[in-house]
Amino acid sequence: MAVAPLSDATDTATDSAEQPQALPGDGLREGIIDDLRRRIGDAIVDTHITPNDDLWIRVRTDAWRQTAEALKAAGFTFFSFISGLDWLPSPYGKGEEDPTAEPQEPDTEIRQGVTGGDTRFQVFARLVDLDRHVGVTIKADVPDEPFAVDSWTTVFAGANWHERETHEMFGIGFNGHPDLRNMYLPTDFEGYPLRKDFPLLARMIKPWPGIVDVEPMPVEDEADAEPATSESDTA
Amino acid sequence: MTSLSDRQQLSYIASQAADARLNVELETEGMTLNIGPQHPATHGTLRIICRLDGEQVVWAEPSAGYMHRGYEKLTEVRTFPQVTTLVNRIDWLGSFANEVPFILAAEKLMEIEAPPRAQVIRTILFELSRIANVSLFLGDLGVQMGAITPVFLAFRDREYVLNLIESATGGRFHPNFDRIGGLKDDLPKGWIDETRQVMVKLREFCDIIEDLLFGNEIFQSRMRGIGIIPADVAKDYGLSGANLRASGVDFDLRRDQQLPMAWDKADWKVWTHPDGDSWARCWIRLQETRESCKIVEQLLDQVPAGPIMTKVPRIIKVPEGEAWVSTENPLGEMGYYVVSKGDLGPFRVKIRSASFNNISIVPWALKGVYVPDIITILASLYFILGDIDR
Amino acid sequence: MIQLAIEIPYWGQSLLRVLGGLVAVLLPAGTIVYLFLFKMMSFMQSRLGPMEAGPYGSLQLVAEVGKWMQKEDLAPEAADKSIFKIAPLVVLLSTFLLVVVIPFGPDALFTDFEVGIFYGLAVASVSVLGILIAGWASANKYSLLGGLRAAGQLIAYELPMVLATLGVVIQAGSMNLQNIVVAQNTGEIFGWGGIGNPYIFTQFIGFLIFMIAVQAELTQAPFDMPIAESELVSGYMTEYSGFRFLIFFIAEFATAGVFALIASVLFLGGWGIPFDWFGWDTIDSVDNWMNVAGPLIMFTKMLVLTFIIMWVRFSFPRFREDQLQTFAWKVLIPLALANTAITAIFKVVF
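Protein chains in written order, with our numbering: chain A, 1 to 235; chain B, 1 to 390; chain C, 1 to 350.
Keep in mind that the hints are not guaranteed to be accurate.
[Said to hold, decoys possible] DSS-like mimics (lysine-lysine), calculated; alpha carbons at most 27 Å apart, straight line:
#1 LYS206/A x LYS73/B
#2 LYS317/B x LYS206/A
#3 LYS184/B x LYS73/B
#4 LYS67/C x LYS85/C
#5 LYS196/A x LYS341/B
#6 LYS81/C x LYS71/C
#7 LYS184/B x LYS317/B
#8 LYS196/A x LYS73/B
#9 LYS317/B x LYS341/B
#10 LYS201/B x LYS269/B
#11 LYS189/B x LYS201/B
#12 LYS141/C x LYS71/C
#13 LYS85/C x LYS141/C
#14 LYS317/B x LYS196/A
#15 LYS39/C x LYS201/B
#16 LYS317/B x LYS73/B
#17 LYS350/B x LYS72/A
#18 LYS141/C x LYS367/B
#19 LYS350/B x LYS196/A
#20 LYS206/A x LYS350/B
#21 LYS341/B x LYS206/A
#22 LYS184/B x LYS294/B
#23 LYS294/B x LYS201/B
[Claimed, not checked] Far from chain B, some chain C residues (derived; all Cβ distances over 10 Å):
#24 LEU35
#25 LEU121
#26 ILE309
For the record, the hints were derived by calculation from the structure and aren't laboratory data. Positions of the beta carbon are idealized from the N, C-alpha and C atoms, including for glycine.
Kindly produce the complete structure, drawing on both the sequences and the hints.
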């Protein structure tokens, strides 16, 4: 169950020798990609396979709904979820550093994850094929202008609530959604909470009381069979 | 035609107008009824706004969010081990089952696996939390329908399971027992024998409930044929767990995917039902409780010796990557999409909770049903508010 | 009138009757609540019930009454105040009106109506009015729904009840409840007067229908749609708290007791034991001590029947409104009509 390290635009079969070879069982996932390529052609921007484990596909933003239709026709009839990703590292840090220490320079470089990306925001969704027991994670960039993608409600009725939540939490618009109002928050709520630049007020007000102590415990024989426990407060 | 005098005409018009006023005042069409947020029938603070025509629902819309705690934002400021304290509380009845997919995702990113003993014990605890969750559902089902007795039997027998979980983990409802790489502690002495006895009691409980509740003609007439959800609608909305299997779809994440857990070491059956009505959903959950008892009994005989935890560093830093793990939780499919940037804590966690999808079908399912059937359908779909609202 | 050694003036007699009426209504209510609701239901649900107030929770009733009485007198602002306040009293009124015709002994009765049972059934419908106006006057949609459901249900189940008693009346040949009791206790089954002729044997269908209809008239599960705790919170009683709710509560169980008393009069032989045992022939030859034993016997029979009513209440889920109505109109009423017809035929033929 090896996880391939991040890289841009790799298909496991074509990469260098340090990548694990695709095991025979994963013809399934490669077959899925080929089938999808036949259906939607060049809308596929990037793919990533974890052999025998999982499959990621990134598509062009304007082909978002088309991908859903193609995948549904290909047998991925089970809709799992839609959500968003904000790749900006949090400018507030994690609030877990020692407050007496010097504040670190926040990392502002936006690095997208698996299958890369060009924008700060991405939408991602998961569909499952119940007969072949395989799932696929589909991602798409969300451009800054217009900050919207097409809605999936015509393809999967269950997307209704998920898109409402994604819109409420990230601000991403969904073209063609019948009723894009807030899911959890009051209607007059300002701001989009899951964006990284939306501060978590509880951490602003007071520092996290369970600061992780990075010092190792003294005089502990690490070689014996006692189970190692993590230092942080988990009670 | 006889000619009416002006006075007669005026009085006739006045009486018609009076009737019209009366009719308008007594109009029951379009009455808006709020079920919740405080209501005996909803498992928590769920508000369903219904527009009624007499006793039939014309339009229904759930309004969730009374319990939204912002878990996905909170996980971004926690370290990986600290997240288990949060996610315990998503589905607070299926306690241990919430932690497992997240821990598995973190382990997947770290490319480690828990030792076999930990895997088997994790599975046993997972199934125990399923039994605890679903036995409460069975008792509560009676209350929703009006039978007030089964719920006491359910709570009484559920106590045994909760005591077991408590003796192993220290917490009845929020065990917080799973660790990246294994479990926190080993089992106490005598736990395995006690669990065997409890499983016998739970099987008796299932039989009692089947007799008392499911065998009751009134119960059957309340549940059969109500709230039929066809399989393709169920898949469209992402219903999972017993809801999906009740519509005839043979899909169970314990059997149909490879996870480092011990379900393949036991011999058990996946139950489906072709009808897709409320009766099917509830009946499948009853059978699944029995299957869980079976799984636990088989696994108890197979607990291997060995360590409880693999070697993990004291401070856990999960390498960069993204992972998705979902498991067949008591409520349905619960999954975590964990994005890590190599820090102490996750970069983004998307929590896919089962009840969110299960309840998204309510506007579709409640069209044209009677008011008592609202309760029946909600009860059979089975949700926990913490799961909807996260 | 009871023959006592002393002469009681008329006002004394009236006072005794009022007190007797209160006892006849409240004692069953209290006993049913404590014995069946607190203790029996608890034991059936594998728990103990109230144990704190008094030994084994025996003073729980006192605590409950005290609690309800000391609460604030609330009424919703939009409610129709006068009707809101009258509604519980109307329901309790019907119970008192009903207990008046029940005979407790050869001379221990309040009134001796020739059309006793007819009056009783008519007056039992007064409670429907109380429930309806409670639902309407509460200015609450849940209450309104509960009240409307109650209206439909209670009226629907009046008919089977009436038709079930028709069989008894035909068999006894009189609507006078005292005569019905005497007819049962002097009757004979195939020439053997050992247990009299309680009409439960010949009218067992009527008895079943009557008990089901009583369950529905009391809005007890499985017919408790008007209350429907898991849907309508408390139905027509939602907005009532404090003393007014206490009145509803007492009325519910008092009515259960009174209906059980009527059922025991109609089907179980009432206050009497078979006259054969003591060699009595008519009502006048019954000994005086039956006036004391009669109420006790009635009480016992009432407890038996109420046990059944409560037992069913704790065990069954509730019917949906349309299933309830279907059951009444399509099953019970035809059955009751058939029962009446067969009884009439048998009466004429034999």
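Structure-based check of each hint:
1. LYS206/A x LYS73/B: holds (17 Å)
2. LYS317/B x LYS206/A: holds (25 Å)
3. LYS184/B x LYS73/B: Between LYS184/B and LYS73/B the Cα gap is close to 26 Å, so the pair holds against 27 Å.
4. LYS67/C x LYS85/C: holds (19 Å)
5. LYS196/A x LYS341/B: holds (14 Å)
6. LYS81/C x LYS71/C: holds (18 Å)
7. LYS184/B x LYS317/B: holds (18 Å)
8. LYS196/A x LYS73/B: Cα-Cα ~9 Å, so holds.
9. LYS317/B x LYS341/B: holds (9 Å)
10. LYS201/B x LYS269/B: holds (21 Å)
11. LYS189/B x LYS201/B: holds (20 Å)
12. LYS141/C x LYS71/C: holds (24 Å)
13. LYS85/C x LYS141/C: Roughly 18 Å separates the two Cα atoms, so the pair holds.
14. LYS317/B x LYS196/A: With a Cα-Cα distance of about 21 Å, the restraint between LYS317/B and LYS196/A holds, given a limit of 27 Å.
15. LYS39/C x LYS201/B: holds (25 Å)
16. LYS317/B x LYS73/B: Given pair LYS317/B, LYS73/B holds - Cα atoms ~19 Å apart, limit 27 Å.
17. LYS350/B x LYS72/A: holds (23 Å)
18. LYS141/C x LYS367/B: holds (20 Å)
19. LYS350/B x LYS196/A: holds (14 Å)
20. LYS206/A x LYS350/B: Roughly 26 Å between the alpha carbons, so the hint for LYS206/A and LYS350/B holds.
21. LYS341/B x LYS206/A: holds (25 Å)
22. LYS184/B x LYS294/B: holds (25 Å)
23. LYS294/B x LYS201/B: holds (12 Å)
24. LEU35: holds (17 Å)
25. LEU121: Correct as stated: the minimum Cβ-Cβ distance to chain B is 27 Å, above 10 Å.
26. ILE309: Non-interface label on ILE309/C holds, nearest chain B Cβ at 15 Å vs cutoff 10 Å.
Hint compliance for this structure: no hint is broken.
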